[in-house]
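Enquirer: Two chains, two frames, a set of hints: combine them into the complex.
In order, the protein sequence lines correspond to chains A and B.
Going by the numbering used here, the residue at position 64 of the first sequence is 64; the numbering climbs one at a time, nothing skipped.
Going by the numbering used here, the residue at position 77 of the second sequence is 369; the numbering climbs one at a time, nothing skipped.
Among the clues, some could well be false.
Stated by the list, open to error - Here are the in silico distance ranges between beta carbons for each label pair:
1) A:D215 - B:G348: 36 to 46 Å
2) A:P239 - B:P330: 44 to 54 Å
3) A:P239 - B:G381: 32 to 42 Å
Claimed, not checked - As a list, the in silico BS3-like pairs of lysine-lysine whose alpha-carbon atoms are at most 27 Å apart:
4) B:K324 - A:K219
5) A:K260 - B:K361
6) A:K219 - B:K314
7) A:K173 - A:K284
8) A:K284 - A:K178
9) A:K260 - A:K247
In case anyone wonders, no lab produced these hints; they're calculated from the structure.
No residue lacks a Cβ here, since even glycine has one placed at the ideal position from N, Cα and C.
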Amino acid sequence: MCGTCGCQDGNKATVTNLQTGEHTHIDADGNITTHTHDHDDHHHDHDHAHDHSHDHDHAHTHAKAHGNVGTTIALEQAIMQKNDALAERNRAWFSGREILALNLVSSPGSGKTTILERTIIDQKGKTDIYVIEGDQQTANDAQRIKDSGAPAIQINTGTGCHLEADMVMAGVKSLQPKPGSIIMIENVGNLVCPALFDLGEAAKVAILSVTEGEDKPIKYPHMFAASDVMLLNKTDLLPHLDFDVEKCLDYARQVNPHIKVIQLSAKTGEGMDEWYNWLKAQSKQASEQAFA
Amino acid sequence: MHEMGITKSIVSIVAEHAKTQKVKRVQLEIGKLSAVMPDALQFCFDVVAKGTVLEGATLEIIEVVGQAKCRDCGNEVELHQIVTACTCGSRDLERLSGEELNIKEMELEAA
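Bound-form chain B, shown alone (with noise of 0.2 Å):
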């Protein structure tokens, strides 16, 4: 259950970057084909955040759709699932994105 880890990674780079603020919103930016569910990253947060200055914060997370090259044929494909073929049969994609893991943004209390 690496999402633990990554959640405990997330919130302690936001709180450096608050130090003493209450954050009240942060917005993650992760790929469908990162090996990270999002569900799990909600649920862990609550937890996390507790006796941070995240407690109770929101956690926004923009999932990216995955977007890959296709070698042989060069058309763009979307990557939905990280198992997945051209139109034109091959599977030799040159993976553009889908494997994001950003903090994009935090939101911190009107002081």
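This is chain A alone, in the form it adopts within the complex (with noise of 0.2 Å):
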């Protein structure tokens, strides 16, 4: 626990910002505590909570009577409202400041943060790029961002297993990305349930390493098939291996016939400039669609 402000177990997710040191809790309610303090030496320990709705917007409600059965009341709501709707305001936070948010997702270890270092220090100088990084425990990745040279935010997400917009938010409240700006969200490495929570983002890309097998994008369809983009990553290990390039495409299409596949080396930098032209037409297209 966090002997600073006492919070524990009812906290879903914890904020760090690297270059601050400033500490942004969320609470189960959403509720959000900030302060600076030194934490090597104590750890933290946040389990993951619920999300208590609080939304006012209420569905209109139709009583029926049922002899003595009870009162049937109609609700009609969507259990994912209150996620979608704060998704709805980063994107629009988003637009209005032509900022271009991406949601990478992926299984650990595919080489996310990899990407990302190497596309921070060849971008240098071309375009601001922000990290947000999703990880159960630690801020190792947000360091590893910071060290390549661009702001980071590292959000725990204790027990909890994917992002949900009300962090991103937070996350994106103790960035102040400029203008213009790209902003990395590297969800928590999971295939599974990222494909539910829309964190406002312009697109998901999905990335899959040629160590992992060909038939991924069909063993978690969920997950391709939100996806704009596949980044097949670690292809200079190709040699070594058994991997069919072709055979991955295929899975990949039938999951998503309009993924767009980018083969790429974070490593050796080949196939890095067809993701790096990408990134700039996509960004421009932030810029371009903010006020259309």
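Expert: Structure (structure tokens):
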């Protein structure tokens, strides 16, 4: 638990700003507390708690009597309503500032952070990139991003298996990205749950590495169906593996006929230019569409 | 296991509408393509409902079959799973339903 604010079980996520050392806690009710203190001497233990809905846009309720069996009330309410509403707020915020926000999703170990590190280094002086890192524990990834030269925020979800729109909102608030920049949201490594939670991004980018097996798109179809782009990473290892690239691309298109595939190696740099060109085109689109 | 978080949202939304009244039954509409498992929701429901006005309530789940329109031939296709092809062979399908995650209604105990 955190000794400064006394937060513990009730917290859903912790946002750490690597630049200022500032900590923000989001509790189960969506309340946000921010403080700064040294975290080297104690350990945070945050459990994933639930989303209380405190929205006040109630659905129409139509009561009908059923004899003595009780009263049935029609609710007709979307379960994800709270997250979806916050995601739309994020989307509007990004749009007004001509910011391109991308949600990077993959299994753990596909190379998301390495792709980001290389992108930040190669795009230095060309594009302002900000990163929101999602992991259950540790600020290791945000530290790596910061070391590559981009402002980074670490969100620790505790036991949570995905990022939600309110966490991204708190992260963005702390990062204060410049207009016209790119925000990379690196989701928790998980190909299941993040598919369900809209964060307000312009597009999901799925990352698959050639060490994982070519049938992942059909094993986890929801994620690949929801993504606009698939980055096939670690292609430098292909000579050492039995990975069938064509088969993988065929599986990806079975799930999503319109998915754009970019083959690259964040290690050697091969294929990275195609990724940068895609980013540039998307960023341009974000600025053109801002007030369209 | 996102079903736990989703169940918590369900209980919280229903409890807010029910205020202090006891809830007897909750009816959900879950699309077959929604990536949410009805069995897992049932499993989580009893645990999450404990100590709330929903304790002991029945959870009814209506599963909604996916419907899609083929962008190539215009036919309507029924989707039982997310990876499906139209009879014409095309996989370019526009999904019309099957991703529902809704609370349809709740039944309150007679006063």
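Enquirer: State for each hint whether it applies.
Expert: Results of checking the hints against the structure:
1. A:D215 - B:G348: 36 to 46 Å: About 44 Å separates the Cβ atoms of A:D215 and B:G348, which means 36 to 46 Å holds.
2. A:P239 - B:P330: 44 to 54 Å: Holds: the Cβ-Cβ distance is about 45 Å, inside 44 to 54 Å.
3. A:P239 - B:G381: 32 to 42 Å: Holds - the Cβ-Cβ distance for A:P239 and B:G381, about 35 Å, lies within 32 to 42 Å.
4. B:K324 - A:K219: Distance ~16 Å between B:K324 and A:K219 Cα, so the pair holds.
5. A:K260 - B:K361: holds, 22 Å
6. A:K219 - B:K314: violated, 41 Å
7. A:K173 - A:K284: Answer holds: A:K173 to A:K284 is near 23 Å, not above 27 Å.
8. A:K284 - A:K178: Holds, because 15 Å separates the two Cα atoms, which is no more than 27 Å.
9. A:K260 - A:K247: holds, 15 Å
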